[in-house]
Each structure stands twice: as structure tokens, then as C-alpha cells.
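With the sequences and hints as input, model every part of the structure.
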Amino acid sequence: MAADAPHPSFEAYAAEPVPQAAVGSPGKDGRLELTFRETAGGTALVKDYATAPFHVSGTLDHDPHPDVTTVIVQSSTGGVAQGDRRDVDVAVGADALARVTTGGSTKVQSMEHNYAAADVSLSVESEGHLEYLPEPTILHADARYHARLTLDLAADATAILGNVVVPGRLARGERFEFERYLSRVHATGPDGLLFEDATHLTPGDGNPTAPGVFGEFSVYGSLFVAAPDRDAGALSDRLHAAVADHEARAGATELPNGAGAVVRALGHRAETARAALHAARNRARKSLLDAPAPSGRAY
Amino acid sequence: MRDDATLEAFRLADSFLPVGTNSISSGIEQFVQEGRIENLDDLRAVLEAYLRNQVGTADLVALRAAHEAARDDDVAAVRAADRRLTAVTLPAEFREAATQSGARLLSLQRDLRSDPLLDAYAAAVDDGTAPGNHPVVLGAVAGRAGIAEREACLVYCHGFLTGLLGAAQRLLSVGHTGVQRALDRLRPTVRAAVDASDARTLDDLTSFTPLAEVLSADHERADRRLFLS
Numbered sequence: 570m571a572a573d574a575p576h577p578s579f580e581a582y583a584a585e586p587v588p589q590a591a592v593g594s595p596g597k598d599g600r601l602e603l604t605f606r607e608t609a610g611g612t613a614l615v616k617d618y619a620t621a622p623f624h625v626s627g628t629l630d631h632d633p634h635p636d637v638t639t640v641i642v643q644s645s646t647g648g649v650a651q652g653d654r655r656d657v658d659v660a661v662g663a664d665a666l667a668r669v670t671t672g673g674s675t676k677v678q679s680m681e682h683n684y685a686a687a688d689v690s691l692s693v694e695s696e697g698h699l700e701y702l703p704e705p706t707i708l709h710a711d712a713r714y715h716a717r718l719t720l721d722l723a724a725d726a727t728a729i730l731g732n733v734v735v736p737g738r739l740a741r742g743e744r745f746e747f748e749r750y751l752s753r754v755h756a757t758g759p760d761g762l763l764f765e766d767a768t769h770l771t772p773g774d775g776n777p778t779a780p781g782v783f784g785e786f787s788v789y790g791s792l793f794v795a796a797p798d799r800d801a802g803a804l805s806d807r808l809h810a811a812v813a814d815h816e817a818r819a820g821a822t823e824l825p826n827g828a829g830a831v832v833r834a835l836g837h838r839a840e841t842a843r844a845a846l847h848a849a850r851n852r853a854r855k856s857l858l859d860a861p862a863p864s865g866r867a868y
Numbered sequence: 092m093r094d095d096a097t098l099e100a101f102r103l104a105d106s107f108l109p110v111g112t113n114s115i116s117s118g119i120e121q122f123v124q125e126g127r128i129e130n131l132d133d134l135r136a137v138l139e140a141y142l143r144n145q146v147g148t149a150d151l152v153a154l155r156a157a158h159e160a161a162r163d164d165d166v167a168a169v170r171a172a173d174r175r176l177t178a179v180t181l182p183a184e185f186r187e188a189a190t191q192s193g194a195r196l197l198s199l200q201r202d203l204r205s206d207p208l209l210d211a212y213a214a215a216v217d218d219g220t221a222p223g224n225h226p227v228v229l230g231a232v233a234g235r236a237g238i239a240e241r242e243a244c245l246v247y248c249h250g251f252l253t254g255l256l257g258a259a260q261r262l263l264s265v266g267h268t269g270v271q272r273a274l275d276r277l278r279p280t281v282r283a284a285v286d287a288s289d290a291r292t293l294d295d296l297t298s299f300t301p302l303a304e305v306l307s308a309d310h311e312r313a314d315r316r317l318f319l320s
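Top to bottom, those sequences are chains A and B. Just so we're aligned, residue 570 is where the first sequence starts under the numbering used here, counting upward by one. Just so we're aligned, residue 92 is where the second sequence starts under the numbering used here, counting upward by one.
If you are wondering where the hints come from, they were derived from the structure by calculation, not from laboratory data. Quick reminder that beta carbons are idealized off the backbone N, C-alpha and C, glycines included. One thing to keep in mind: the hints can contain errors.
[Claimed, not checked] SDA-like mimics (lysine to any residue), calculated; alpha carbons at most 25 Å apart, straight line:
{"id": "1", "chain 1": "A", "residue 1": "616", "chain 2": "A", "residue 2": "627"}
{"id": "2", "chain 1": "A", "residue 1": "855", "chain 2": "B", "residue 2": "312"}
{"id": "3", "chain 1": "A", "residue 1": "855", "chain 2": "B", "residue 2": "309"}
{"id": "4", "chain 1": "A", "residue 1": "676", "chain 2": "A", "residue 2": "769"}
{"id": "5", "chain 1": "A", "residue 1": "676", "chain 2": "A", "residue 2": "748"}
{"id": "6", "chain 1": "A", "residue 1": "616", "chain 2": "A", "residue 2": "604"}
[Claimed, not checked] Chain A is faced by these chain B residues, among others (derived, beta-carbon under 10 Å):
{"id": "7", "residue": "145"}
{"id": "8", "residue": "177"}
{"id": "9", "residue": "290"}
Structure (C-alpha cells):
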């Protein structure tokens, strides 16, 4: 395997030199580390290290839950370009309650050489809670993108992870023209593997629009509510009821290994999928934190 | 394969095998309920999507791993394949259906002949350290019976398709000839799924049928239903 290929299907891309700034050069190799700890004054961001294009300008305290601390990660670039590698680490200490989101969509730009990748690793210690809800990922024509997210939960920890994938700049009629999108989620708890989810789309072979896959829809979103020490059946039913009457086609089911519940949403537009996930997230927050989700963002 | 192994493969592929696959529709019932499947062409398109996005990329990869582990007498590796398959099977009904038919197949096979590996695997299923998914049980059983790995994959695909075609026959008014034609036309996709599974490892299991998952979430809560999934 080529030195940094994250998956065999990306080996040929990894061998292609990038004609502009090389892989790993400043600005191409963004790193973000956020550590939250519970302190006498509530949850504090005790470490923030960000290299371009990531930018963090402190914490926000607008969450309806008084103890949740929010970070909105900003980006100094317009999008993700070929050769970009991004690494994100978010650690939430015992009893800390944190929410991380982004200021805008992640636009994965058209590529002719190499690929772009993001590695996100999240950990939540005992009785802590993390919400990791970046704005949607938009896959431009000819984009090649590998996204990997790992979550590790300690006993009694909870997490809400969301993502929405938009298969092109829909307003200009671009739809399923990207080359490859591979997104993997891997969650573990104190007893090992909880659940895994992988989305591997290569529109060139026609698979995304197959019946049972996307069918007539184009935008796809998931909300994982990982809460291994809660009643997964009740959580799944509540989330399902929350999304039942939405324009997006959405539903909830129990995750494997009693890990919680997952909501899948399919829509024609990003807004409809986001609205369904927001409703589910609002319901999940009431169950897990006894507080609604903040308003003003779609999910 | 020796005659015994061939006969075993026929027996395992036969819809006569009492493992409860006739109560499984893998979402087909909900597709029919919503008018998304109205005829055999619609059905075949959904079955092709399942073969490409679930059977070839997850079920058969776990089956192959279990087959190899069973030949090596490695019950820990059978359990590992089993747990990985459960972790990537997100619709609760699909997991329930797979473990129910897996448990029946394992119990049936142990009634027929004694095998220390299958006994150890069954003990793991009983104590909750292995889920007992049907593709993994079939892989282990076939590996012990001397059925070659590729043939075991074909047996699984045949059983998967005949089960779902049988479900569709009860849900739609379609004739036997049409069902046989659909099965015949699915052959190239079956071969492709078996080929695709050969190139993958357990670290690369993917099961991606989001619309079927959403329909399954509704099916879980449907008031009237004929099928478990």
C-alpha cells in the first residue's frame, strides 16, 4: 500500500503527486485538538491547538443546557482540496459536556490528482457527553474523499454524532458527479466494539441511485446517538416518532450491542434531511441531558 | 468436492431446510407495502442492490472468514467474524432475523452430527459472546463439511434469493415461472457479489442500503406484518 493510503481503493490516488502545494505542506495538513474538562466553573476548553485551515476563537455559552460548552470550528479556506489531510482530536473528560460544530459546510472540491482525507477521533470519559455535529459535506464533481471517524466511550458516557452528505452543488444541477466518497465510523465502549458504519459511494458505477440505496433521494444524513447505558429500545422509538412526519424519509433503529440508536434520513435537499436530524437530535438531548437542542442551526 | 460435501451443499441450499428463512423478507414486505415493489422487475432491482451493497460487501466477507476459521479449528476467529458482522448490521430487524435463522441452523447441524468446533461456537452463542449470525454459522458449517469457500458463498446467495423471492411470491401476485426467471437473471450479480467478497477483509465490511434501513425502521413498528424483517 502507498505510504498514506487509508484504504486499498485510494492507493492509486495516493501515488499521484499533487501539482500545487504538496501533501503535508503548511495549510495542507490541518490539525485540530480540543480537550474539554469539567472544572469548578463548569466545562472548560483546557486545550485548543489548531493549525491552518482550522481556527478556533474560544467557546460559546449559548446552549440551553447551562453546563454545555460549545466550540464552533472555523476554516480559513473555501474548501477541501486535493492533497489535503485533516486530523481532528476531541477529548471530553469525566462529567464534562461539550458540543463541537463547524461554521460552514465542508466543500470537497473537484480533484484531478491525489485525494483528500479527514481523520476524526473522539473520546468521552465517564459520565461525559459530546455532540459532534459538523455542517454538511458537499461533494463537488470529481471529488475523492476519505473520512474516518472513531469514537471511544467510557462507562456511562454519551455522544451524539451527525453528518449530512450532499452529492454535489445541487442548485447548479450537479448531482452524483464526484468520483469516490468513503466514510467510516467506528465506535467502541468499555467492552470493545459497539458499532461500525461505512458509506462507500462511487457514482460512476451507478450504485447510489439504486432502489433501497438512495432510491429517488440524493441527500443522506445519519445521527448516531451512542448511549450504551440507556434503554436503547425506548430511545429508538422516541427518535423514530420525532422524525416520522418530516418531508425527508427518515427512521430510527436500535444500534447493535445495545449502543443506542441511529437515525437515517434521506431527502431531496440538504434542508429537509437536516430538519429531520434536528428533530431527532432535539429529542435525544431531552432524553440524555433533559434539555432541548439550541435553535438557530438546522441540526 | 466429494459427494458428501456436494450433497451437504444441496441440503444447505434447499428451501426445505427448516431454519425459518420463510419468515424473513429483509425489508421486501415494506417495499411492497409502500408500492415501491409492484412486479418482478422492481423486486429484482432491489435484490441486485442487496447483493451489491450488503451480501457481497458484508455477509459473504464474514462467511468467508468463518469458513477459514472453522477449517483452522479457530473458534475465536469465528466469533470475531460474527461480532464484526453484527456491528455493521444497523437495522435491528436484520440482526434479529440473521441471529434467529443462524441459531436454528447451528442447532440443526449439531443434531445431525457431533463437531467440537460447532459445539464450542454454540456455547459462545449461548453465553452471549457470539451473536450467531446466519452467514457466519453457514460459513462455519460449510467449512467443517468440506464445502469449498466459493461454493459456500453461492449456497448462501441462493438461499438468500430464494427466501426473498418466496416472500415476494406471498406478497405480490407473481407466478412460479416469473420467479424462476428472476432467479436465473440474478446470476451475474450473484457471481459479482461473490467475487467482490473475495477482495475484502473483516476490516472492510460495509453494508449500505440506507433507504432499506429507513423502510425497515417503519416495518419494525408496523401493526400488521407477515414477516419478521
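Hint by hint, here is what the structure shows:
1. A:616 with A:627: Distance ~11 Å between residue 616 of chain A and residue 627 of chain A Cα, so the pair holds.
2. A:855 with B:312: Holds, at about 22 Å.
3. A:855 with B:309: Judged against 25 Å, a Cα distance of about 23 Å means the pair holds.
4. A:676 with A:769: Given pair residue 676 of chain A, residue 769 of chain A holds - Cα atoms ~18 Å apart, limit 25 Å.
5. A:676 with A:748: Holds, at roughly 14 Å.
6. A:616 with A:604: Status holds; Cα separation ~5 Å.
7. 145: Cβ of residue 145 of chain B sits 9 Å from chain A, so the hint holds.
8. 177: Holds: closest Cβ of chain A sits about 5 Å from residue 177 of chain B, inside 10 Å.
9. 290: Holds, because the Cβ-Cβ distance from residue 290 of chain B to chain A comes to roughly 8 Å (cut-off 10 Å).
Hint compliance for this structure: every hint is met.
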